Amino acid sequence: MTRLHKGALDKTPGATPVPMPRIQRETWVNWALLGLLLLAPMIANALGEVYYVNLATRIAIVTMAAVGLNLAIGYGGMISFGHAAFFGLGGYVAGISAFHAFDMTPVLSWPITMPGTDNLLVIWLVAMLSCAVLALVIGAISLRTSGVYFIMITLAFAQMIYYFAVSWPTYGGEDGLPIYLRNQFPGLDTNDPLTFFLICFAALVLALAITARLMQSRFGAALTMARLNETRLATAGIAPYPIRLVAFVISAVITGLAGALFADLNGFVGASMLSWHRSGEIMVIVILGGVGRLYGPLSGAMLFVLMETLLGGLTEYWLLFLGLILLFVVLFARGGVMGLLAGRARHE
Amino acid sequence: MSDAVLTLSHLHKSFGALQATHDVSLDLKAGEIHALIGPNGAGKSTLIGQITGHLMPDRGEVRLAGENITALSVAQRARRGLGRSFQVSSLADSLSVLRNVMIAVQGLQGHSFHFWKPVHRDASLVEPARAAIARMQLESRAETPVSELSHGERRQVEVACALALKPRALLLDEPMAGLGPEGSARLTELLEELKHEVPILLIEHDMDAVFRLADRISVLVAGQVIAHGVSDEIRANPLVREAYLGD
Ligand SMILES: Nc1ncnc2c1ncn2[C@@H]1O[C@H](COP(=O)(O)OP(=O)(O)OP(=O)(O)O)[C@@H](O)[C@H]1O
Ligand SMILES: [Mg+2]
Numbered sequence: 001m002t003r004l005h006k007g008a009l010d011k012t013p014g015a016t017p018v019p020m021p022r023i024q025r026e027t028w029v030n031w032a033l034l035g036l037l038l039l040a041p042m043i044a045n046a047l048g049e050v051y052y053v054n055l056a057t058r059i060a061i062v063t064m065a066a067v068g069l070n071l072a073i074g075y076g077g078m079i080s081f082g083h084a085a086f087f088g089l090g091g092y093v094a095g096i097s098a099f100h101a102f103d104m105t106p107v108l109s110w111p112i113t114m115p116g117t118d119n120l121l122v123i124w125l126v127a128m129l130s131c132a133v134l135a136l137v138i139g140a141i142s143l144r145t146s147g148v149y150f151i152m153i154t155l156a157f158a159q160m161i162y163y164f165a166v167s168w169p170t171y172g173g174e175d176g177l178p179i180y181l182r183n184q185f186p187g188l189d190t191n192d193p194l195t196f197f198l199i200c201f202a203a204l205v206l207a208l209a210i211t212a213r214l215m216q217s218r219f220g221a222a223l224t225m226a227r228l229n230e231t232r233l234a235t236a237g238i239a240p241y242p243i244r245l246v247a248f249v250i251s252a253v254i255t256g257l258a259g260a261l262f263a264d265l266n267g268f269v270g271a272s273m274l275s276w277h278r279s280g281e282i283m284v285i286v287i288l289g290g291v292g293r294l295y296g297p298l299s300g301a302m303l304f305v306l307m308e309t310l311l312g313g314l315t316e317y318w319l320l321f322l323g324l325i326l327l328f329v330v331l332f333a334r335g336g337v338m339g340l341l342a343g344r345a346r347h348e
Numbered sequence: 349m350s351d352a353v354l355t356l357s358h359l360h361k362s363f364g365a366l367q368a369t370h371d372v373s374l375d376l377k378a379g380e381i382h383a384l385i386g387p388n389g390a391g392k393s394t395l396i397g398q399i400t401g402h403l404m405p406d407r408g409e410v411r412l413a414g415e416n417i418t419a420l421s422v423a424q425r426a427r428r429g430l431g432r433s434f435q436v437s438s439l440a441d442s443l444s445v446l447r448n449v450m451i452a453v454q455g456l457q458g459h460s461f462h463f464w465k466p467v468h469r470d471a472s473l474v475e476p477a478r479a480a481i482a483r484m485q486l487e488s489r490a491e492t493p494v495s496e497l498s499h500g501e502r503r504q505v506e507v508a509c510a511l512a513l514k515p516r517a518l519l520l521d522e523p524m525a526g527l528g529p530e531g532s533a534r535l536t537e538l539l540e541e542l543k544h545e546v547p548i549l550l551i552e553h554d555m556d557a558v559f560r561l562a563d564r565i566s567v568l569v570a571g572q573v574i575a576h577g578v579s580d581e582i583r584a585n586p587l588v589r590e591a592y593l594g595d
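Chains as they are written, first to last, in the numbering used here: chain Y, 1 to 348; chain X, 349 to 595.
Cross-link-like lysine to aspartate or glutamate pairs, in silico, DMTMM-like; alpha carbons within 25 Å at most: (1) X:Lys543 with X:Glu522; (2) X:Lys543 with X:Asp554; (3) X:Lys514 with Y:Glu230; (4) X:Lys465 with Y:Glu230; (5) X:Lys465 with X:Glu491; (6) X:Lys543 with X:Asp563.
Don't read these hints as lab results, they were simulated from the structure.
The model shown is predicted, which means the values in this text are computed figures rather than measured ones.
Pulled out of the complex, with its shape left as it was, chain Y reads as follows (with noise of 0.2 Å):
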């Protein structure tokens, strides 16, 4: 049992840092992907075909959503099977505002006046608060529980949501709530396709820098301790439900705020958006693309959307196939899309 192999005496102990990651396959995977994404919608918008600068922009919106619940399910090892309840929220949140805003009437007059608002900048701080409270309070009911029972518990918390919107009236209960004008954001025409769309990538560029960095911090140390060996975080001190519970927090304000673009890009919120139809799409998008890396939900929406939208014009089987493809995916490629482009599985 030697363990002095050469070089190991020339190494000074504590002063060499753990080497930096290589810059691999998959980082250039990564980036000629979003190198798609951002430059399919300027060459479309190019040639007039606003409908090709949606479908990005519909892309970025559900690659964010899915980022958010990839800090749950691949980094924190939370299988949450509720996100559809951030998603919604946030979309809510600026389907209610521009209602208010568009009828002159406050959103809450008591105990404080609130008056609507078409001002994105203010609707996302509160679309991401929103969701914050709310993914507090989910949160620290159902990671009491773990497995399977998180994933109902999330579950059964989010269906309460959808049937609470589904009956009050107010804001259009099971018709939704149309947005006849697409919020603002100070100084930008948010009505221009492309213009909106760049928004929402830039709103996902953020989304995936904050995670990489996170996911590099303390933080990140603890929540990945907490998903690979619960016992051996709290065996150096640290419990793992605070940790867990803050990146539960951070993950569906991420997905909620793209909700609130979702909302605006469609000019129209309604109970779909909380639905478990839309927890279970975002969930399969994050398998697809391959779960607990950084880009798998980009190329899983990619596949995702561009399935629904290509197939589901020829088919209405669509989803089966939707399913097949998923199924091999779960047996024979676990990295997800992003496994079968740049090779071998994550290495932490």
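The hints should help you fit chain X with the ligands onto chain Y, whose structure is shown.
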């Protein structure tokens, strides 16, 4: 016993009908190695679990530096200064040795809600972790994923994690197993040196190491302490010879 760092009084623990711990009282004093020996299934690991909070005793009390910690969680006890190694190593297999040990340093420093600074560039985490790894003579394995280590090496990583916590009491569950004679000898030396920094409760089947290292020995059989004393007393004790040393 004013100088006891760790005191267990009247601990009881059952798993269904099985009495895994039956009225166990013992203590760990500053500067000593207290060995806990006993046959397989005697309840040694179960006892460590109750000290560190991985298991809750049915009755009894655990005190660390005078404070009653019986109701505290694993993480709270670790922060108060309990470091342990597991008999069956409990590490993150896909992470490097360094990353595993760094978590302990992070726990010691007590701030995990830092969201921005990358840990791999944080010398205040990396350097103490490397020092603990060096102490276990695992420098050459620092970047290796734990999954590629031998069982013996994994246990050493466990010890490195415990050391990185700068504990007030160190609880080691069979740290020599799987090390081979050379590795055992080296670890024996290290523990001898270490006990002056932190008292050690040592579970070990390697009797040579136990008799060489231990200032005191407690013998656990079927959940009960059947003998307790300094090494020579235990070696001579007829009950122990019969129940445990097998003659
Ligand atoms: N979680 C558990 N549930 C039920 N029984 C358990 C549990 N943990 C331990 N036991 C039982 O308690 C008894 C004591 O186990 P323990 O692991 O503490 O023994 P030990 O002295 O550490 O043995 P060894 O030398 O083999 O490590 C054994 O009979 C074991 O089967
Ligand atoms: Mg044991």
